[in-house]
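Just so you know, the sequences run in chain order W and B.
Residue numbers are given in my numbering: position 96 of the first sequence equals residue 96, and the series is strictly consecutive.
Residue numbers are given in my numbering: position 5 of the second sequence equals residue 5, and the series is strictly consecutive.
Be aware that a few hints might be false.
For lysine-lysine, the following DSS-like pairs were computed, each having C-alpha atoms within a straight-line distance of at most 27 Å [to be verified]:
#1 W:92 - B:77
#2 B:267 - B:193
#3 B:333 - B:312
#4 B:267 - B:159
#5 W:92 - B:333
#6 B:81 - B:267
#7 B:368 - B:81
#8 B:193 - W:92
Everything labelled a hint here was simulated from the structure, so no lab data went into it.
What follows is the residue order along each chain.
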Amino acid sequence: MPDATGLELIAHDLREQVPGSVTGTQHHRGTATLVIDPEAVMQVLTWLRRTPNQDYHFLASVHGCDYLPHAPRFGVHYELLNMERVERLHVKALLEDPGEPELPEMDSVAALFPTANFQEREIYDMFGVVFRGHPDLRRILMPDEYEGFPQRRDFPMGGEPVLFTHNEHQTPRWYE
Amino acid sequence: MSEPAGSVRQLATGVTAEPAGDAQTEAELMTINFGPHHPATHGVLRLLVTLRAEEVLEAIPYIGYVHTGIEKSCEDKSYWKVIPLVERMDYLAYYFNAMAFCMSVERLLDEPVPERAQYLRVIHCELNRIHSHLVWLGTSALDLGAISIFWYCFRERDKILDLFEYSSGQRMHTRYIQVGGVADDIPAGWAEKALRFTEDMEERVGQYEAILDRNEIFLQRTRDVGIVPQQRLLDLGVTGPLLRAAGNPWDLRKATPYSSYDKFDFKIPVGTVGDCYDRYRVRLAEIRESCSIVRQAIEGLPEGPHITTNRKVALPPRHELATSMEALIHHFKLVTEGFRVPPGEAYVPIESPRGEMGCFVLSDGSAKPARVHMRDPSFVNLQALREMVVGGYIADMITNLAMLDPILGGIDR
């Protein structure tokens, strides 16, 4: 992974190319983290992938997390990898919670990295982050008609009735 | 291959509703459910397959049938109680799950692992890799109609489970790898047994090859089937034996050696064509390399503690509890509350039998993780299935699925 100086150089170049894209850098326990503005995610990842001497061609993982009670609440993490130099770069986009009926939104990177397809669907399923321009944004692990986003920190654990034939009439919306 | 998945859905679900091409062709299309309950899906995978006669036009995976919310449950457990939960994700690679999680927590704690513990981890992980590949070989050959190899593979697999039982007390989901080391040192006589097994195993691999390598049916069903270009595999995030069969020698054990892997001499088998036959050859060669690593690790096993001596992280030895007040306090605090981890995020990838298995842990400074996410290689590799099967016969789809080696417990978590 890039050292602290290398990370600052990347951040400097990115700020010149895409103004306002990088909001911070962290170098913690050997992990180089680039904190970016979610609106610029596509430009930042395209730059990191296409620029000579950067060449982060492989997207190892995309995952979400919920920083409640901190703000901004949601984080979408991209683990980029350069296989030639064996360097990993951790890119983190932080999203504000827009309030109950609305969902946080950001651009999908599935067009740039096809591997993000399933993983963005999982983040949508679990955290309710909507990825604009995703080819097929549906729930992936939970049932299609499920309500709520179970990996959010304020989503309760347990307490959901299991549907059997004997209790399906008492369960809400059984007739739908 | 670059057509967006939106049109894919239309094709699969709208076959009768909105015929896209001429009516004559559309009328012959058939959309069927493959799975979720089908022995050849290696779990509970459902594929919505569109067929024209025997040709696969579209295959869309539907997953989530064994989703149990393990990642959510992990947030309600202290760190050391998370280990048995994550072991149940990819249920054929339980040592690897525990290893990825423990290494992430160790990185957050900045806790070094004693060298003996690193070697013991390597020994068990490589035995687990052989075990996982044996189950894969047995069930895959079964899918192709060869039943005897299944019994042979499970015979050897049972010997590995015996070794696991001998060292940890459990046959599966052993909870052997702990934060800071391993649960216990190997018992007397274990090393000799394991050495004898590796010698035995290398001979057995030759016997498997004798059964399959010159089998006309096996060759016809696997050769030149399911070739996807290497660059496309990389774009789809595929790692592990699938990528190595396509000729890319990417192996995290060599690229970023963790847990003393740089001390061992082993090769990375790669394929040349990238078809199902290469995937089979690469995995068999990996069994041989794993045997060699196990032998080197046992022969060079260093002396020393099997777990860190930091009492804030690891339980004190049992005999100290009777004499030391300090040890009793540490024991009590660890069992009731667990240890606290400084705030931070860590993503640690390791090489599992199926590719890059990464564990992301977010700590908020308390004794429970705020988020545990497993980047499961099966989940990501499954995206490549469509590219492998579209345009081929439905029988080749079974071969491709078998050689992809998906573990649905890991996919659905």
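Going down the list of hints, with the structure as the test:
1. W:92 - B:77: Holds, at roughly 26 Å.
2. B:267 - B:193: holds (24 Å)
3. B:333 - B:312: holds (9 Å)
4. B:267 - B:159: With a Cα-Cα distance of about 25 Å, the restraint between residue 267 of chain B and residue 159 of chain B holds, given a limit of 27 Å.
5. W:92 - B:333: violated (35 Å)
6. B:81 - B:267: violated (36 Å)
7. B:368 - B:81: Since the Cα atoms of residue 368 of chain B and residue 81 of chain B sit roughly 9 Å apart, the hinted pair holds (cutoff 27 Å).
8. B:193 - W:92: The hint is violated at about 47 Å.
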